[in-house]
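> If you want the building blocks of each chain, they are given just below.
There are 4 protein chains.
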Amino acid sequence: MVIEEVHVKDRYTHVRARTEQICSPLTPEDHVVQPIVDVSPPKWHLGHTTWFFETFILQPHCKGYTLFDENYGFLFNSYYETVGARVIRTNRGNMTRPTVPEILAYRTYVDDKMEELLEGDLEDSILQLVELGLQHEQQHQELLFYDIKYILGNNPLFPSYSSASAPSSQKTGAPAYLTLEEGVHTIGYQGNGFHFDNELGVHNVFIHQCALQDRLVTNAEYLEFIDDGGYQDFRFWLSEAWEWVKTHQVKAPYHWHWVEGTWSYYSLSGGLQKIDPAAPVTHVSFFEADAYAKWRGLRLPTEFEWEVACNQYGLISEDSNFMDSDHYSPTPKIDGNNQLYGDVWEWTASAYRPYPFYQAPEGAVGEYNGKFMVNQMVLKGGSCATPSDHIRSTYRNFFHPHLRWMFSGIRLAKNL
Amino acid sequence: MVIEEVHVKDRYTHVRARTEQICSPLTPEDHVVQPIVDVSPPKWHLGHTTWFFETFILQPHCKGYTLFDENYGFLFNSYYETVGARVIRTNRGNMTRPTVPEILAYRTYVDDKMEELLEGDLEDSILQLVELGLQHEQQHQELLFYDIKYILGNNPLFPSYSSASAPSSQKTGAPAYLTLEEGVHTIGYQGNGFHFDNELGVHNVFIHQCALQDRLVTNAEYLEFIDDGGYQDFRFWLSEAWEWVKTHQVKAPYHWHWVEGTWSYYSLSGGLQKIDPAAPVTHVSFFEADAYAKWRGLRLPTEFEWEVACNQYGLISEDSNFMDSDHYSPTPKIDGNNQLYGDVWEWTASAYRPYPFYQAPEGAVGEYNGKFMVNQMVLKGGSCATPSDHIRSTYRNFFHPHLRWMFSGIRLAKNL
Amino acid sequence: MVIEEVHVKDRYTHVRARTEQICSPLTPEDHVVQPIVDVSPPKWHLGHTTWFFETFILQPHCKGYTLFDENYGFLFNSYYETVGARVIRTNRGNMTRPTVPEILAYRTYVDDKMEELLEGDLEDSILQLVELGLQHEQQHQELLFYDIKYILGNNPLFPSYSSASAPSSQKTGAPAYLTLEEGVHTIGYQGNGFHFDNELGVHNVFIHQCALQDRLVTNAEYLEFIDDGGYQDFRFWLSEAWEWVKTHQVKAPYHWHWVEGTWSYYSLSGGLQKIDPAAPVTHVSFFEADAYAKWRGLRLPTEFEWEVACNQYGLISEDSNFMDSDHYSPTPKIDGNNQLYGDVWEWTASAYRPYPFYQAPEGAVGEYNGKFMVNQMVLKGGSCATPSDHIRSTYRNFFHPHLRWMFSGIRLAKNL
Amino acid sequence: MVIEEVHVKDRYTHVRARTEQICSPLTPEDHVVQPIVDVSPPKWHLGHTTWFFETFILQPHCKGYTLFDENYGFLFNSYYETVGARVIRTNRGNMTRPTVPEILAYRTYVDDKMEELLEGDLEDSILQLVELGLQHEQQHQELLFYDIKYILGNNPLFPSYSSASAPSSQKTGAPAYLTLEEGVHTIGYQGNGFHFDNELGVHNVFIHQCALQDRLVTNAEYLEFIDDGGYQDFRFWLSEAWEWVKTHQVKAPYHWHWVEGTWSYYSLSGGLQKIDPAAPVTHVSFFEADAYAKWRGLRLPTEFEWEVACNQYGLISEDSNFMDSDHYSPTPKIDGNNQLYGDVWEWTASAYRPYPFYQAPEGAVGEYNGKFMVNQMVLKGGSCATPSDHIRSTYRNFFHPHLRWMFSGIRLAKNL
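For the record, the sequence lines run as chains Z, L, C and R.
Taking this note's numbering, the leading residue of the first sequence gets 122, the next gets one more, and so forth.
Taking this note's numbering, the leading residue of the second sequence gets 122, the next gets one more, and so forth.
Taking this note's numbering, the leading residue of the third sequence gets 122, the next gets one more, and so forth.
Taking this note's numbering, the leading residue of the fourth sequence gets 122, the next gets one more, and so forth.
A few of these clues could be false.
Since the list gives no way to pick out one identical chain from another, each pair is judged satisfied if it fits inside one copy or across any two copies.
As the list claims (entries may be wrong) - Within a straight-line C-alpha distance of at most 25 Å, the following computed SDA-like cross-link-like pairs (lysine to any residue) qualify: (1) LYS492 <-> GLN256; (2) LYS535 <-> ASP349; (3) LYS535 <-> GLU237; (4) LYS184 <-> HIS511; (5) LYS372 <-> GLU342; (6) LYS535 <-> ARG474; (7) LYS292 <-> THR307; (8) LYS535 <-> VAL305; (9) LYS415 <-> ARG474; (10) LYS367 <-> ASP242; (11) LYS415 <-> HIS316; (12) LYS234 <-> SER199.
Simulated from the structure, these hints should not be mistaken for laboratory data.
Input sequences plus hints: build the corresponding full structure.
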């Protein structure tokens, strides 16, 4: 693995600072709660990402390192069975201590030691672990945006996170199609940069002739589905999806609110507001994405089709809407950008399963991806909450099909 | 009703300040969470008690009063169906906004208006509502102690609330008995001070000859029950109690922890510490109180026996351990004080049902007590978290029989 | 205790045969299921009542007795912790074996041995146990009617249990009042016949002047409550009752069905049919009884008031509607019969708690009543499913306040 | 589609009779219950399969047909939203009526009409529906075995279904490997016989070089996993699988019982008995199959690898253990038979998702397969409860990954 050209210490400092910056508009109160099991308290993210460096790097590789607090291991482990007991997930939101200032002190303490360590000559294996820790922190940066949006968006006061509003609305034209060539294609990560274990197991996949739309499904398009009674017609829904719709009385994407006779949504930029018809629809579950596609008479692309399309048509540019854009909301298509990267994670038709040659690494790091490979679906492409240097065409994100508190969206495909 | 001799405005100021003082050792983070449905976030208590004055006094009786924030009614109503929609109870702990400073500003705003109002000549009916609001706030002061103890006592760091420790331990002698005379006794509130609706309906009750112990059951005595296998022997337990013991694997009072081969408990004064054998046992459910009494071959007193005993033997003195003592823990018996008042609420054998002539008042105030009169048990006497001017022999507190996050304890009785 | 004048063996034979007669209209399929936790499969009742005689009489007191089947103890124990492991209650309805014929063979086997035993000279203590077993079986006869009604009444085909219809409807006059004398009254069983432990502890109770209606509340009267929006107005409901109404969307008594624009109910006699306006309302919970009383501006009697009224005004006559009448439904008041006995169990205002001198017996028999003395309400008077020789004014029945699959009803009272 | 050579009327009569024969060893009581949501009462299967012919064939295509009972549509619909309201699944086990004789009369009634119809000249589309109904009935024959085994195997008396025991045990040799050629293979049904919609969408799949074992994993092999602590070591388990193991305290395959120091299992043939070490392990979930494979350092085959292997190596012969063998248990490998067909359904590594060109048919029949294509895994090959004329290499069975009341088992694979 070739480590990024930026010096690792600078990268470390930059990534770590960004996390604190994400939390800076929050009050201490906002840092504490866990309204649903999928959301973690922001202060837990601050602590957990720090615990990762303390546990996997400082403790084993920094001589004479003294733990900041012995109890923190117990408090900030997430799901690594290898590393011992942990606060059960549903209990995270009741932990008022350590406080935000105490956790920030923990971060400073660990950062000082890490930066000291990173000034020295380090074995490649340690540098790889540092990079894993930073990628891990970037994933939590993205989760922070989901969780903050959930916490503030469920408050009856609908407080804004950022006062800046996302780029203004404009009409979006009809979608065109990106066609794929029929035949055997190679799938999986083949470079020498950072990647996760689940991208390995490079292998061949046969893809039949098909085409993907050149942009994401918009709010205006999705509204047609709502207005056509899509949520009331079982024929478009998988059986479990239909149970989910009925049980939770789902009527629209998450964060949408029916206010005075029209649909509004809560946005991190600007709070409660009218829907932008040209912006990509987001906060939809796989269940909704699949139902929408059926209603249109089309389908979702497989993860393989998506990856091949992205290798051919994908582009990371100034127009890409990543976390770095500071919009925190998907934005309308700009000519020449097919939105394969950024804006919203795109649900694929593929269940999250191991690649043919997949091998989980040994030890705690091996728990990172492999053990989640059942009952989840693959999403591709990153979102407006993804750091721009954290995404690849081979990146495999995954969520349960009913979840939608994240920036998830839809791209349609069809056979040719 | 004769209003207290203290001028009502001074009393208002004093009570309101006391609530804020109770919260002053807390961090902002401590104010937010709701770890179980029975616990409310401290900042909710701060807001809700203020909402009471705003809704029931300022809004209807203060000309030109402008609401501090229109949304607060929705946020801070507790269970008054009469007054409109409310945040469902289990959701209280997810409301990070308004923040603590915002709620304190709300308090100041309402207090200013209230104090202005209280300087004028007020109708008796309004003065009575003010007094009800203050008594209501005192009840929430007591709940604040329970809830704070729950929040801090369930944190793996066991943070202290107060560094002062409760009066030092000393051996307690064997209990003596307070005997009651057989015959018809009158029950219920007959004075002209403040009282709740559920104390009215003065009526006669026939009491057979019996006697109550002259002190509370101690930790040392309760430990004998534990050590004798009391929690493992179904014969002492009501059927629902036994299910509760097995489901929750109950082995000791709440806030007790088995640490390094001995029982410790979490206390607001001093955090995690060795049990004081002479102090009254607390944080026991009715289920436990009843099982303990059966194991001893004795029984709990009825609420009527307790009230008659209290009228004859009860004493509020300097030795009484109320909130005003600032111990926040029950303390060992002092000679001459039979602990009928203060220390812990005493579970009685009586189900919480209306007195024969009970009438719920009209309107929202009528929801205060009457609608809870099923599936709960009566407790008497106040606790170390009760303001000393908030208790009477006729005061009827009530909790579900499985609850024990409050300062509840045991006094034994027997037939003669 | 004086044993009944009827020879015990004849009584044994009679009671046991009656149980089988109750099940005789059922198909084998009807005997198996347990649609809710409160209902037991009819074949379980057949086995359990037999197990009682085998376990408590034949096994300890009949030399050389061989168990019919070793597994039956495990299958047919109900809740006697003293006697060992048992099939958990929710699992009863999945036990297809033993079959009905096998259980009837079990009954025959035990009956033969019991009748042999009863021909000999028996100690009084054994005779008392036999009588307890028969009273126990009579209680299960009553439960059989509840459970059969639940099983058949929840079947979309609404099969009839009995083709005979209950006495024809007629208008019922306005209720008159039975007045009680103010003063000290004695409560509890003082005779020398059979009684349960919970009727003992004879003691004095002071009763204020009051009066009870001279008949049960009718369907027509209860319909006024429904039509007046009683189920939609929280003011009449206890807090837990209101939750129950909303959660279960309760709109009428159990077994009532809104069919083609009018209320019908399912009856054991004749299946689904129009409501008889003059018949007593039944299948109401305590929550509904209490709400109805509040809506009328009246109240429920306490169990003590009821017992005193019954001693003065109660009458078991040919007009009483017990199981022996074979109506299996409450019937309209007949002049001169105030319905204190039979028709429906009457909810009282009293929580089910021990009498002052109550002592639970030693051993398994001690689990019969005492351990249920929390969170339940007392009902008095027996029902149309109660054997006429199984009821007394001192009899204390008890159910949780939300239950209503049994024949429960309402009598109103007022202060004077 | 070419209809089977056997005349359809004979085939109809044969299949319908077989269903009743499966139920013939049951008592009426055995037909009623639904111990878990996945199990349906046997009498429900008898009714539902009949309802299928009545609803989809007789009602639309048989002039003047009179419904046997109007309520049966409501009672016996399973999950066809298109066809109207249905008894919710968890309630099936409370329906004691119609009785078994009534349902058998329903079968006779429908069979008479069907046989009359089948004697005439029928359009191909109707014949196809008849064949679908028969295939549907064969699926329920298989489910009947699962459900009967669950009902009897959970009865403390462990009654036998059949007294004949499965072929006697013998040692099984080490597995050999069936190798697959690397390259593009065609997947999906290409014949002109009966098939389900989910087998269509013939398409190409690239398969890398790999090999499948030539027999199923045996009980002896699986015991090594148990004895090695496999159920206690999280490293082998998917995250949701580990939760499942802990929540349900899973320690062995379903129907296994630890009796007097050794493992026994319940079998339809012979009841509770010692495990046959050479027989294939069955009643394992996907979670267990996957964990076992990881523990062995191998993996499960994908559904595509399995289909290609089956096309090359699979054989339906006299040695195949299907329902027709009347063993009702998987049996040890016989030389020359690699067990790809029969014995147990084999968990594959593939999530159940639509093939690239999959199209759900219009109408109720379209609900047969497509709407279940999420959160389930594909199983292949049929089992000892599958009719031998009901299976193909392209047949895609599917179950949720935690289920194991069916005859499910394991075949291992490896990369080459």
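> All the hints need checking, so say for each whether the structure fits it.
Hints, verified against the model:
1. LYS492 <-> GLN256: Intra 19 Å, inter 37 Å, cutoff 25 Å: intra-copy only.
2. LYS535 <-> ASP349: Cα proximity of LYS535 and ASP349: one copy only (22 Å, versus 49 Å across).
3. LYS535 <-> GLU237: neither (54 Å within a copy, 46 Å between copies)
4. LYS184 <-> HIS511: neither (31 Å within a copy, 60 Å between copies)
5. LYS372 <-> GLU342: within (15 Å within a copy, 42 Å between copies)
6. LYS535 <-> ARG474: Answer is both; intra-copy 23 Å and inter-copy 16 Å each pass.
7. LYS292 <-> THR307: Classified as neither; 37 Å inside a copy, 44 Å across copies.
8. LYS535 <-> VAL305: both (18 Å within a copy, 22 Å between copies)
9. LYS415 <-> ARG474: both (23 Å within a copy, 14 Å between copies)
10. LYS367 <-> ASP242: So LYS367 and ASP242 fail the 25 Å test inside a copy (58 Å) and across (44 Å) alike.
11. LYS415 <-> HIS316: Cα proximity of LYS415 and HIS316: across copies only (23 Å, versus 34 Å in one copy).
12. LYS234 <-> SER199: For LYS234 and SER199, the Cα distance is within 25 Å only inside one copy (22 Å; across copies 49 Å).
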